[in-house]
Amino acid sequence: MSRPAANTINAGAGHPKKGFFQTLCKQWQLVIMAVPMLLYVLLFNYGPMWGWITAFQDYTPKKGITGSKFVGWDNFKWLFGRRDFLESIRNTLAMSVINLVLGTVTSILLAILLNEVRKTMFKRTVQTVTYLPHFLSMVIVVGMAQNIFASNGPINQLLQGIGLIKQPIFFLGEEKLFWWLVGVINVWKEVGWNTIIYISAMTAIDPSLYEAAEIDGAGRFARIRYITLPGIRSTFVILLIMNIGHLMEAGFELQYLLQSSLTTDYAQTIDIFVLKYGISKQQYGVATAAGMFKSVVAIILLFAANTIAKKLDENTLI
Amino acid sequence: MKKILAAALALAMVSSPLASIPAMAEEAQEPITLTVFRGDPGDQPADDNKIYKKIEEEFGVTFEFEFLAGDLDEKLGMMIAGEDYPDLFDGGNSADLLIQNGALINLLDYVSPEKTPRLWAHIEPQKARLIEKDEDGNDVLYIIPNYGLADGEQIVNQVNGPAFFIQKQVLEWGGYPEIHTLNEYFDLLDAFIEANPTDENGTPYVGFDILCEDWRHFCLINPVQHLMGRPNDGEVLVDVNSEDFHTETFIDKPYAKPYYKKLNEEFHKGLISKDTFVMNYDQYIAALSSGTVLGMFDQTWDFNNATFALQDAKMYKNTYVALGLVYDPEYVDGKEIEEHYVNGSLPNVRRGFGISVNCECPERIVAMWEEMMSDEWQLLFNWGVEGEDYYIEDGRLMMTKEQYENTQNNNWKLHNKALAFTESSPKKQGYIMEGDLAGNCWEVGNQPEIVFGQMNDYDKEFLEHYGYQKFADFVNPPIELAPYGEAWQIDYSPVDIDHQDFLDIQDKYLPELIMCDPEEFDALWDEFVEEITPSATVFGEFMWEAVQKEAAKVLENE
Amino acid sequence: MNRGFVTPKENRIHHDRVFPVVNAIFLILLMFITLYPVLNTVAYSFNDGTDALRGNIGLWPRVFSLESYKSILSDKAVYTAAWISASKTVLITLLNLFWTSMLAYALSRKEFVLRKFITVIVVLTMYINAGLIPNYLLISKTLHLSNSYLVYIIPTMFSCFNMIVIRTYISGLPDALIESAKIDGAGDWRAFWQIIFPLCKPVLATVALFVAVGSWNSWFDTYLYNGGKKNLYSLQYLLKMKLATTQASANAAKATAEALSTSGMTTPITIRCAITVIATVPILVVYPFLQKYFVTGMALGSVKG
Chain V
244 MSRPAANTIN
254 AGAGHPKKGF
264 FQTLCKQWQL
274 VIMAVPMLLY
284 VLLFNYGPMW
294 GWITAFQDYT
304 PKKGITGSKF
314 VGWDNFKWLF
324 GRRDFLESIR
334 NTLAMSVINL
344 VLGTVTSILL
354 AILLNEVRKT
364 MFKRTVQTVT
374 YLPHFLSMVI
384 VVGMAQNIFA
394 SNGPINQLLQ
404 GIGLIKQPIF
414 FLGEEKLFWW
424 LVGVINVWKE
434 VGWNTIIYIS
444 AMTAIDPSLY
454 EAAEIDGAGR
464 FARIRYITLP
474 GIRSTFVILL
484 IMNIGHLMEA
494 GFELQYLLQS
504 SLTTDYAQTI
514 DIFVLKYGIS
524 KQQYGVATAA
534 GMFKSVVAII
544 LLFAANTIAK
554 KLDENTLI
Chain F
62 MKKILAAALA
72 LAMVSSPLAS
82 IPAMAEEAQE
92 PITLTVFRGD
102 PGDQPADDNK
112 IYKKIEEEFG
122 VTFEFEFLAG
132 DLDEKLGMMI
142 AGEDYPDLFD
152 GGNSADLLIQ
162 NGALINLLDY
172 VSPEKTPRLW
182 AHIEPQKARL
192 IEKDEDGNDV
202 LYIIPNYGLA
212 DGEQIVNQVN
222 GPAFFIQKQV
232 LEWGGYPEIH
242 TLNEYFDLLD
252 AFIEANPTDE
262 NGTPYVGFDI
272 LCEDWRHFCL
282 INPVQHLMGR
292 PNDGEVLVDV
302 NSEDFHTETF
312 IDKPYAKPYY
322 KKLNEEFHKG
332 LISKDTFVMN
342 YDQYIAALSS
352 GTVLGMFDQT
362 WDFNNATFAL
372 QDAKMYKNTY
382 VALGLVYDPE
392 YVDGKEIEEH
402 YVNGSLPNVR
412 RGFGISVNCE
422 CPERIVAMWE
432 EMMSDEWQLL
442 FNWGVEGEDY
452 YIEDGRLMMT
462 KEQYENTQNN
472 NWKLHNKALA
482 FTESSPKKQG
492 YIMEGDLAGN
502 CWEVGNQPEI
512 VFGQMNDYDK
522 EFLEHYGYQK
532 FADFVNPPIE
542 LAPYGEAWQI
552 DYSPVDIDHQ
562 DFLDIQDKYL
572 PELIMCDPEE
582 FDALWDEFVE
592 EITPSATVFG
602 EFMWEAVQKE
612 AAKVLENE
Chain U
2 MNRGFVTPKE
12 NRIHHDRVFP
22 VVNAIFLILL
32 MFITLYPVLN
42 TVAYSFNDGT
52 DALRGNIGLW
62 PRVFSLESYK
72 SILSDKAVYT
82 AAWISASKTV
92 LITLLNLFWT
102 SMLAYALSRK
112 EFVLRKFITV
122 IVVLTMYINA
132 GLIPNYLLIS
142 KTLHLSNSYL
152 VYIIPTMFSC
162 FNMIVIRTYI
172 SGLPDALIES
182 AKIDGAGDWR
192 AFWQIIFPLC
202 KPVLATVALF
212 VAVGSWNSWF
222 DTYLYNGGKK
232 NLYSLQYLLK
242 MKLATTQASA
252 NAAKATAEAL
262 STSGMTTPIT
272 IRCAITVIAT
282 VPILVVYPFL
292 QKYFVTGMAL
302 GSVKG
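Chains as they are written, first to last, in the working numbering: chain V, 244 to 561; chain F, 62 to 619; chain U, 2 to 306.
These are computed hints drawn from the structure, not numbers from a lab. Keep in mind that the hints are not guaranteed to be accurate.
Unchecked claim - Computed cross-link-like contacts, SDA-like style, restricted to lysine to any residue with a CA-CA straight-line distance of at most 20 Å:
| id | chain 1 | residue 1 | chain 2 | residue 2 |
| --- | --- | --- | --- | --- |
| 1 | U | K293 | V | V360 |
| 2 | V | K305 | F | D565 |
| 3 | U | K117 | V | Q265 |
| 4 | V | K312 | F | D565 |
| 5 | V | K519 | V | E496 |
| 6 | V | K519 | F | K375 |
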């Protein structure tokens, strides 16, 4: 439905290509609206990018970028020569995929369920309450999770009580469970918060669509499937593309606090690795190299996701 | 060049000592604000703080403090990159970074027997340790230690550092036995827990806890050196009797094996729970505070809060005694090991204030410190204002209960103590040596009347059974400090990465070794040793060299 | 997309009766699960510090005490810091809404010739990071923003994520709206401010919430640039510092307190919880206030009206 319209506009924009500046002059109002923030990000985000040079240096703050020795690809070689760095890439990707899937599914689900609630007071109460844990510090949340998942904690007691298991599960010490534990804690803390964006997207759905559907005899699930979900589709796709770009970031604090020496091999993310070897040991070059690697992968993932979305005729980020 | 300038300046200033004093006093009238960075967390003092008010009146100096909120190295890295230095700089654990990057001035340009007799007298006894040589071979002193330069005999009321701890009730139950070896310790714990599996409320006792969280893993990885009869040298064992101060990592050596094998046995007896390896610090403190943990290896300061909680609940029998355990002869070829948990006192090298190269008035700061080393100022900093904060009775410094409780109250301290400044400044410690108050302690917390005056009855009776005066009597008196000091203070940043590997492998294997099937223990131990040897060798060799260098420096200067 | 709605009528009735009940039960359960940690935190914050060390506190304090709150709130610096935090939060939110929504509109215009170029430049900022030191040098040395209030405002006036969120929303609005405005002779500037901006209330409310919460919770900028200026401390920074101090002083304290009463002592565990409550309550007020904009169909309803 939106495709033909997009085509005509594209054609319109494409036509006066000879006179790029002419069009630009004609669009001076848009230019005024866009250029200040363009300059802003050029200064604040791209201005310090000279720092990436330090990825190829044995950088020390005292000598600065001009005085530090160039070491070629040594920092990258060092990183990729370390087993625990490769493990941390694996862990980061695994946990961010789990977070992305669990987080997206649960927040959309909650948004839909909330959308189906007719009583405004109840709806607002649920919204407010579910977003509260977002404000708790990770230290508090992890502390609580550690008590809940302890060998003699409520979850094990429950599972033993209903006879599902005989021996308590060693949730906190099992490497294999660590990724999932992180996923569950993230959902617990952030589901309400992540829902907000979908709820706001649902406000744009034309209520007359629901009325028409009801007259057509559509049931609740049909309404959800054919009206609500398409209504938040573009938001979903855009967030998905953005988050795919963020797959190299699985967070830092949660894993750092939740890990123990029994689970480190599965808990260490790239960010923890960088903190441990880069910043705490003044290996600034290594830290920058790791950051640069992350950025490059992120940009590749981002463009790949964007291209796929384009092929599928979805809304795109770029 | 700098030296000549400083000398000229000094000459100008002291050319006529009498004339220079009013000149300095005049200069002191001109008010200045010193920016101060502290490499540890802290609260901003209240605006109406009475001590800072006195400092302002006397020296015309006010302070603008910055405390550490995030990661120290990160913060220092940025300060160095931007050369944004405060006037006074306490680099905390990372002061080496400041020195390496030339952020601090050489205090010897301002501190000398002539110019600053009190400060000089303060550092003189330890100057061999404190004064170093820079690259050009000049004598340099960047930081005057904030702690550890004490007058008089070393005060040890209780073990503040590492030890094996045991609940008092266990010793009471065992008939107040003397516990000196690893086997005696675990045998007693085993026997106690067999007779008393739970406490009065039916909560099961935990025999032995091992905290492994993050940097607190010293509870897991450090004990072997002490079992071998040495005080805390971090992760290496130094043979002080050898001529070349033979230094090696101990965790990968055959003599480390019996300890973890013992823990493995105790694990399978149920004395140790596997939850101990995933416990965070809060959970550990909660467990200790509940009185159900019978023993652990730790350092006293690390579980202060639990001790407070137990005392608060009047569960005195559940508080802990520090024991100095050594290996039984059977573990070390029949050798009798002498116990040394408490070390001789050592200046806190490279901890405390240095003056940054950005500071415009270093001589004024040094002159202020010099003045502050007087007994009057030191008494004011340590004890407060007489009549308000303490009183004197028969030549003894005393506090009422209320006055003492004030000193424990953080908010009160922000109004009445100048801790943000004095904690990092040069200060007097130990005993007051001269005058009417000679024989009193400089620090409130060391004054015997304060320490023992209000000890609870359970503890008094407990000590009586052993015939001891104080809890430090459970261990041997301090051993003479080795020339190299304490090896854990040595800066190992050149082998940082290997050291990290060395720690990571221990963190990974030691819990596994404790939990593994006893049949598999030996094989797993061999695997561990093989895995850790490369990094252990690099770290150990580095430390050996560093220990030798440190010892040579001190022996040479002495 | 336009497939018919074919659901047997009986089924529908069945669903319509059961679904709301199941849904309500589920949501109540969810509320309990998410409320528990919050109430637990509140309970700890009102508990005696030393007693709380023993853990195992549920939804109600075991030994009631106001000491943690007293020890924090008796420091006057907290109120200065709260004012700094509140004022910067309001300013940053307004500035963000202004700049971000304007760029979002421009980049939602498919005919805009710089659209693709600017979008790529701006989007990439989400994925690149020069590192701490270059950023520090830019703000502190080049722009001389450290030790000033402006360092809270200027570097955080814009967020790409929020821009995209607004742009997506604007793209979802019917093109006809803008075109009709343009036929009436309005330029993009007027079309945006008069027609689009008012329609964006729900998404602007969302973005305002994100920005306000982010700004309110930030402490890192104080730590980097204003650590030496106690009059410029933000609330989160000050509270974080108080927690760190409590932790450090617990370790430094000598156990010579012995038999002296230690009750009424604050400990890291209760301070941490009290800090959470103190820092969170003010920002919680924002949400219910913004919630009235999250009503389904509001945006288009107002078009029709």
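Self-check item: Given pair status - E496(V), K519(V), alpha carbons within 20 Å
Solution: Roughly 13 Å separates the two Cα atoms, so the pair holds.
Quiz prompt | Restraint status (C-alpha distance of K293(U) to V360(V) at most 20 Å) | solution = The hint holds at about 15 Å.
Exercise. Measure nothing beyond the straight line between the CA atoms of K519(V) and K375(F); if it is 20 Å or shorter, mark the hint as holding.
Key: 42 Å, violated
Quiz item: Given the hint that K117(U) pairs with Q265(V), does the C-alpha gap stay at or below 20 Å?
Solution: 18 Å, holds
Quiz item: Given the hinted pair K312(V) and D565(F), is their alpha-carbon gap at most 20 Å?
Solution: Cα-Cα ~30 Å, so violated.
Practice problem: Would you mind confirming whether the straight-line C-alpha gap from K305(V) to D565(F) stays at or under 20 Å? | Solution: At roughly 30 Å apart (the allowed maximum being 20 Å), D565(F) and K305(V) break the hint.
In summary, the numbered hints that this structure violates are 2, 4 and 6.
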